[in-house]
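Peer 1: Sequence:
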Amino acid sequence: MLKFNDVTNPSDVETYDVSFVQNPQSSTNAVTGSYTISTSTSPVSSGDADTTFDSASIRWQGQTMFVKDNSNADQTLALRRVTGDTTTTLVREVTLDGNGEAIIDSSTLQQGTYVFSDPDSSDFLLFGSNGVETGTNSDDGVAGVEIAEQSLTIDPSSDTVTSDGSSVDFDVDSNRGGSYNIIVDSSDYTDAELASVITDATDYESDESGVRVSSGQGDTITATFPSDAKNGEFTLDFSVEDTTAADSATFTVSDPAEGQVSLEEGIVSEERGDVGQITVNLENTDEATIILGGDSVNYEAQIELEDGGNGGDADGTVTVNLNTFRADEGSAAFTPADTDDSVTASATKDGPGIMPDGPLATADYEIVLQDSAGDDVGVGTFVVTERSTDSMQLWTAADLPTDADQEAVYDALEAGAITQDSTIAFQDELVHQIEVSGIYGALVDEMDANNSDAEAALLELANGDASDPLTLSATQAGNFPNSEPLTVDFSELDENGGLNVVADDANNTVFVAVDTTNLFDDSDPADPALTRGGTELGAGDVEPADLLGQTFDVEFGVLAQSALVSGDEDELVTASFSVEERTAELNGGDDITVEAASGQEITGTTNVAPGTEINIRARASGSNPFLKTANGVTVGADGTFSGTFDFSDVASDTTFTVTASTSQSFAETVTIDGTVGEAAATPTPEPATDTPTPEPATDTPTPTPEPATDTPTPEPATDTPTEGGPTETETSGSQPGFGGAVAIVALAGAALIALRRGN
Numbered sequence: 001m002l003k004f005n006d007v008t009n010p011s012d013v014e015t016y017d018v019s020f021v022q023n024p025q026s027s028t029n030a031v032t033g034s035y036t037i038s039t040s041t042s043p044v045s046s047g048d049a050d051t052t053f054d055s056a057s058i059r060w061q062g063q064t065m066f067v068k069d070n071s072n073a074d075q076t077l078a079l080r081r082v083t084g085d086t087t088t089t090l091v092r093e094v095t096l097d098g099n100g101e102a103i104i105d106s107s108t109l110q111q112g113t114y115v116f117s118d119p120d121s122s123d124f125l126l127f128g129s130n131g132v133e134t135g136t137n138s139d140d141g142v143a144g145v146e147i148a149e150q151s152l153t154i155d156p157s158s159d160t161v162t163s164d165g166s167s168v169d170f171d172v173d174s175n176r177g178g179s180y181n182i183i184v185d186s187s188d189y190t191d192a193e194l195a196s197v198i199t200d201a202t203d204y205e206s207d208e209s210g211v212r213v214s215s216g217q218g219d220t221i222t223a224t225f226p227s228d229a230k231n232g233e234f235t236l237d238f239s240v241e242d243t244t245a246a247d248s249a250t251f252t253v254s255d256p257a258e259g260q261v262s263l264e265e266g267i268v269s270e271e272r273g274d275v276g277q278i279t280v281n282l283e284n285t286d287e288a289t290i291i292l293g294g295d296s297v298n299y300e301a302q303i304e305l306e307d308g309g310n311g312g313d314a315d316g317t318v319t320v321n322l323n324t325f326r327a328d329e330g331s332a333a334f335t336p337a338d339t340d341d342s343v344t345a346s347a348t349k350d351g352p353g354i355m356p357d358g359p360l361a362t363a364d365y366e367i368v369l370q371d372s373a374g375d376d377v378g379v380g381t382f383v384v385t386e387r388s389t390d391s392m393q394l395w396t397a398a399d400l401p402t403d404a405d406q407e408a409v410y411d412a413l414e415a416g417a418i419t420q421d422s423t424i425a426f427q428d429e430l431v432h433q434i435e436v437s438g439i440y441g442a443l444v445d446e447m448d449a450n451n452s453d454a455e456a457a458l459l460e461l462a463n464g465d466a467s468d469p470l471t472l473s474a475t476q477a478g479n480f481p482n483s484e485p486l487t488v489d490f491s492e493l494d495e496n497g498g499l500n501v502v503a504d505d506a507n508n509t510v511f512v513a514v515d516t517t518n519l520f521d522d523s524d525p526a527d528p529a530l531t532r533g534g535t536e537l538g539a540g541d542v543e544p545a546d547l548l549g550q551t552f553d554v555e556f557g558v559l560a561q562s563a564l565v566s567g568d569e570d571e572l573v574t575a576s577f578s579v580e581e582r583t584a585e586l587n588g589g590d591d592i593t594v595e596a597a598s599g600q601e602i603t604g605t606t607n608v609a610p611g612t613e614i615n616i617r618a619r620a621s622g623s624n625p626f627l628k629t630a631n632g633v634t635v636g637a638d639g640t641f642s643g644t645f646d647f648s649d650v651a652s653d654t655t656f657t658v659t660a661s662t663s664q665s666f667a668e669t670v671t672i673d674g675t676v677g678e679a680a681a682t683p684t685p686e687p688a689t690d691t692p693t694p695e696p697a698t699d700t701p702t703p704t705p706e707p708a709t710d711t712p713t714p715e716p717a718t719d720t721p722t723e724g725g726p727t728e729t730e731t732s733g734s735q736p737g738f739g740g741a742v743a744i745v746a747l748a749g750a751a752l753i754a755l756r757r758g759n
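When we follow this note's numbering, the leftmost residue of the sequence shown carries the number 1, and every step to the right adds one.
It is worth saying that the hints were derived from the structure and are not from the lab.
Among the hints, a few may not be true.
Restraint ranges, calculated between C-beta atoms of paired labels, are given here [what the hints assert, rightly or not]:
1. S209 / T95: 17 to 25 angstroms
2. S227 / D97: 20 to 28 angstroms
3. Q561 / S269: 41 to 49 angstroms
4. G316 / T381: 52 to 60 angstroms
5. S227 / E146: 35 to 43 angstroms
6. E329 / T160: 23 to 31 angstroms
7. S45 / P226: 15 to 23 angstroms
8. P226 / T134: 52 to 60 angstroms
9. P256 / V379: 24 to 32 angstroms
10. S248 / S57: 40 to 48 angstroms
We put the beta carbon where it would ideally sit given N, CA and C, even for glycine.
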C-alpha cells in the first residue's frame, strides 16, 4: 500500500490521474509511475446541513447537523446517548472525512442528550456554535446536544368554506420558537393549485410535491378559495421541512349560497331638509344597488352599496344616509351610516320642468332594490314631507357638560336633573328645547364641510349673513332711552366653553344649553359675552350683578330667505327667561331646635337648579365644640334639600350655627342658629296585672220596660264662637308648595321621556 503525506484531497468527486516518483534521491532505483484515483465521497460543509452540532444546545429530531474535528480527520468518533448522571451508551459511529467533517442525520435519534467521545481519552468533545470541535470536557451534560421532538398543531378557523374568495386561517402552534419552513402538500391539489390557494407560498423542490411557507409558533397560514376553486372535501398536510413534525387539516369547499337582499322598511319618511335613512339587509352577498326616484319626480339616483366595502367587517346590513338638504349636490347627498361600508352614488335632476336648486322636494320617491346581478328584487317608497318650526321651551339644569350628547340629556331629564323653568339662577344652565324639523341636513352639511362641532355649525348657519337659513338671538327686554339692549354673543359664549348644542334628528328637537357662568370669562374685570347695539362689550362694561333681575327674549327661526321655507315669511319661535341671584333658606329662615339624638333633619329651600349639591354644616364653639357636616345633599325638583345629623353625643342646651353652601356661592351667606334640646323620652311599659276570672253569671230577673215617653227633639246647634276667632280645619287638596305650574312641568318632562323611549 502506498501512503502519501502532505496531500490535499480534491474537492469534487471525479477520477484523477496521479503521477509520482518513488525514491527520487536514488540515481539507480528511482521509479516513475502513474495511477488513476477515483474519490468515492464528496467533502461536506456546514451549508449542506440544517444546523450544527453545538454543545449544550437544543436540536430538533429530523434535523441534519454539521460536525468538524480537525484533530481526528479520517477517524471514527463514537456518538453516545447520555443515560444517567455518569453513564452513556453507544448509538452509532460516525466517520469523519479527510477534512474532519461529517453530517449527522437525527431523524432516527431518540429524544435525549448526545455526546461525542474523544478517541484518545475518556473525555467528551466540545463543539462550538459553528459545529467545530473546541476541546474536551469530562462533563457529558456540558458537552451534549439535546435532541427534542418538535410538535406541530394546525388549527383551522373553520372546517367549511365557500368558493367566493372566502378564506380559512390555519393557526400554527408548536413547541419550537422562531420561524421555519412548513411544507404544505395535498393529494387533492396540484402544486400549482396549492400555490394559488396558499397565501405567500413558494415552490418547494422540483422533484418534490407541495409548496413552502415560512411560518412559526403563533403564526397563521391562510388559504383563500376563489370562485373557480374545486368543491369537495380536501385534506392539507403540513410538515416542517427540517424536522419530523407534521399535522393535517380537513375541510370542505362548496359553492356560496345564493345571495339575497331586501329593504329593512318598505316606506321611509323624512321631513324636507333632514337626513333620511334607507337600510338594506344582505345575506350571502356584500353588494346591492338602489334606484331612487324616476321621471315622475324629475329626480333619479343610483346608489351602489357594499357591506364592509370600506375596509371594515361585513355585518349583513348597509344603511344609506340621504341628506335631502344636499340633494342638488348629486352624489354628495349619499353617505354610509357605518364607515365600514361603502356607498357610491350618482344622482341627476332632469325631465320636464327641472327643479330649482335646493333641498329635495316633497314627494313620494320610488325605491327599486337590485341584487348584485342587476335584477330587481324589491320595491319601496321614500316619502319627503313638509318641514315645520313648532315651539321653544326653557329648562334649567345644575351642570350639563359641554360634551353632553343625546343620551346624557335624556338621562338628565328622566332623573329630574333638568326641569322646566324660565327663571334661572345665575351660574346655572339655561336649556332651550326647540322643536323644529328640516334643519338637520344643513347642520350635518356644515359639520362635514368644516369638520366642526354642532355648536360651530349652528352658529355658522345663524350668524346674520344674507344667505343664512337660521337665526338665533337672546336680547334684553325693556325700554332703553338713548341706549340699546344687551344681546348675548353666542360665538364668544362658545369660546368661553358655555354653549352646548345637541341635535336630535329622530325627535325633531334641538337642545341649546347655555351655562350662564360663561356669560363672563375668567379675566378680572370679567369680559362679558354680550354686545350692545351690535358693538362687542369689553371687560368691566357690564358686571354679573347687572344681569340680575333682567329678562331676555330668545328667538329662533328658519328664515324665508332660505330654501327650507316655502312661503315669504320667517318661521319664528320665542321664549323669555330672567336671571336671578342664587339664594337659599334654612328651616324657613327660623332658628332650629334639634333633639340630642341621631336622625335629626335640617332642611332648606333654594332657587338653584335641581341636582345642585349643597353642603350643610352644623358648628359649635365654646365649652362644647363640635363640627358636623352633611355634604353633597342634592336639591330636589321642588327646590328643597335636606341633611341628616347625629346629635346624640351633644349635651342639651348646646347652641350651634348652621350654614349652607355650594361650589358656586349664594349671593348672601345662608345661616341660622340652632339649639340642642333634650332627647325624647322613651316610655317604659307598665307590668301586666292578672285579670281575674269572672264568676259564672247568676240568673237576674229582667224588668218589664215601662211604656216609652215622647223624647223631645233637640234644637239645632248654634255656632259657638271660639276665643280668638274661628278654628281652621286642614282639608285634603294640593300638596303644600306644589301648584299647577309644577304639574305642568311634570307633564312636560314625562312627555319628553316618553318621546325618548319611543325612539
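Peer 1: Name the hints, by number, that the structure is in violation of.
Peer 2: 1, 2, 3, 4, 5, 6, 7, 10
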